[in-house]
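Chains as they are written, first to last, in the numbering used here: chain A, 1 to 61; chain B, 1 to 61; chain C, 1 to 61; chain D, 1 to 61; chain E, 1 to 61; chain F, 1 to 61.
Hints are not guaranteed to be accurate.
Since the list gives no way to pick one copy over another, a pair counts as held whenever it fits inside one copy or between any two copies.
In silico SDA-like cross-links for lysine to any residue, where the CA-CA straight-line distance does not exceed 20 Å [to be verified]:
hint : residue 1 : residue 2
1    : Lys10     : Leu61
2    : Lys10     : Glu47
3    : Lys33     : Asn44
4    : Lys33     : Gly55
5    : Lys33     : Glu22
6    : Lys10     : Lys33
7    : Lys10     : Asn44
No lab work stands behind these hints: they were computed from the structure.
Each chain, written out:
6 protein chains.
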Amino acid sequence: MPLVQVSWWKGAGTDQRRQLVEEVTETVARIAKCPEAAVTVIVNDVETDHWGRGGTLASEL
Amino acid sequence: MPLVQVSWWKGAGTDQRRQLVEEVTETVARIAKCPEAAVTVIVNDVETDHWGRGGTLASEL
Amino acid sequence: MPLVQVSWWKGAGTDQRRQLVEEVTETVARIAKCPEAAVTVIVNDVETDHWGRGGTLASEL
Amino acid sequence: MPLVQVSWWKGAGTDQRRQLVEEVTETVARIAKCPEAAVTVIVNDVETDHWGRGGTLASEL
Amino acid sequence: MPLVQVSWWKGAGTDQRRQLVEEVTETVARIAKCPEAAVTVIVNDVETDHWGRGGTLASEL
Amino acid sequence: MPLVQVSWWKGAGTDQRRQLVEEVTETVARIAKCPEAAVTVIVNDVETDHWGRGGTLASEL
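Extracted from the complex, chain A is given alone in its bound form (with noise of 0.2 Å):
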């Protein structure tokens, strides 16, 4: 049952959210102790002009 959801910069490829998906479902349901069947990952990719940091928007970094 464990969700996990990430928030990151959009720029990542299929490639790379299916490797996130994959490591992360087996990383958590191996410490979680449940099947990795159980695990669900929601990827989020937000604009750098969404994001701010300190204060200042991430595409402005």
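Chain A is fixed; fit chains B, C, D, E and F onto it per the hints.
Positioned in the frame of chain A, the structure of chains B, C, D, E and F alone reads:
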């Protein structure tokens, strides 16, 4: 005041979202014993290649 | 696969949460045209002194 | 370390987001007594036909 | 309608949360050009042993 | 900058959370090609009577 955030696979049209908002609002307001006007529903369409289940992207299931 | 996250003011008991989960699951599965088994609902009880509305803590409304 | 996630109706431009990030970061850092560099703000633009209020899509209010 | 969700380390008292809600609501309403009454702020206190930064629990930094 | 939010059933101890944070941070940083210092992980323990699956509270499965 209840806040309902629904994440599902992209694909639903406006009619489905309208029905979702209507019915979920009615249900939640009745159970929370609050006015329907106090309920917010936010619908988050997620691309299937951004959703992992059991370690696999939903687009590749 | 739909994921429903409900945030509301703390105070509901198990009976209300059970009813919420049952009814919201039925509604969402019907509208999303997916099996009920695929629906996850997470209920987040928020203390009223952690919830602001119109600039005021709900505990002080 | 504070994390601020803002969901609002789509429509704001970069200037509004920049101002939001600047001012919210200043406010939160001051109240949390942490450096501004530690504050993350993520802005989530939601289409009005994905936002329900009182059982009605915001696009149809 | 803006919804602001703030996650930070547990430790703030009611006075800090009240101030956070007041000031963030004022800022967001002004920038979004909406009434303050339309702004919701939810504060999520996270224990430092549930928050990781750079691979380390914040409680062990 | 990646932000990882993990929701799972309450029950894990500090050792499991430490391991989760370490391993997920390593994985995400490697795939996102960013420094580990830029990764935040927030762990949300959910009581099983606040988690619904297939219309049933997890505490009653």
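Quiz item: Under a CA distance limit of 20 Å, which applies to Lys10 and Leu61: within one copy, between copies, both, or neither?
Solution: within (15 Å within a copy, 23 Å between copies)
Quiz prompt | Within, between, both or neither: Lys33, Gly55 at alpha-carbon 20 Å | solution = Between copies, since 15 Å is at most 20 Å while 39 Å is not.
Self-check item: Homo-oligomer pair classification [Glu47, Lys10; C-alpha up to 20 Å]
Solution: both (5 Å within a copy, 14 Å between copies)
Quiz item: Are the CA atoms of Lys10 and Asn44 at most 20 Å apart within a copy, between copies, both, or neither?
Solution: Both, since 8 Å and 13 Å are each at most 20 Å.
Quiz item: Within a copy, between copies, both or neither: where do Lys33 and Glu22 come within 20 Å Cα-Cα?
Solution: both (16 Å within a copy, 17 Å between copies)
Quiz item: Under a CA distance limit of 20 Å, which applies to Lys10 and Lys33: within one copy, between copies, both, or neither?
Solution: Between copies, since 13 Å is at most 20 Å while 31 Å is not.
Quiz item: Within a copy, between copies, both or neither: where do Lys33 and Asn44 come within 20 Å Cα-Cα?
Solution: between (26 Å within a copy, 17 Å between copies)
When held up to the earlier numbered hints, the structure conflicts with none and fits them all.
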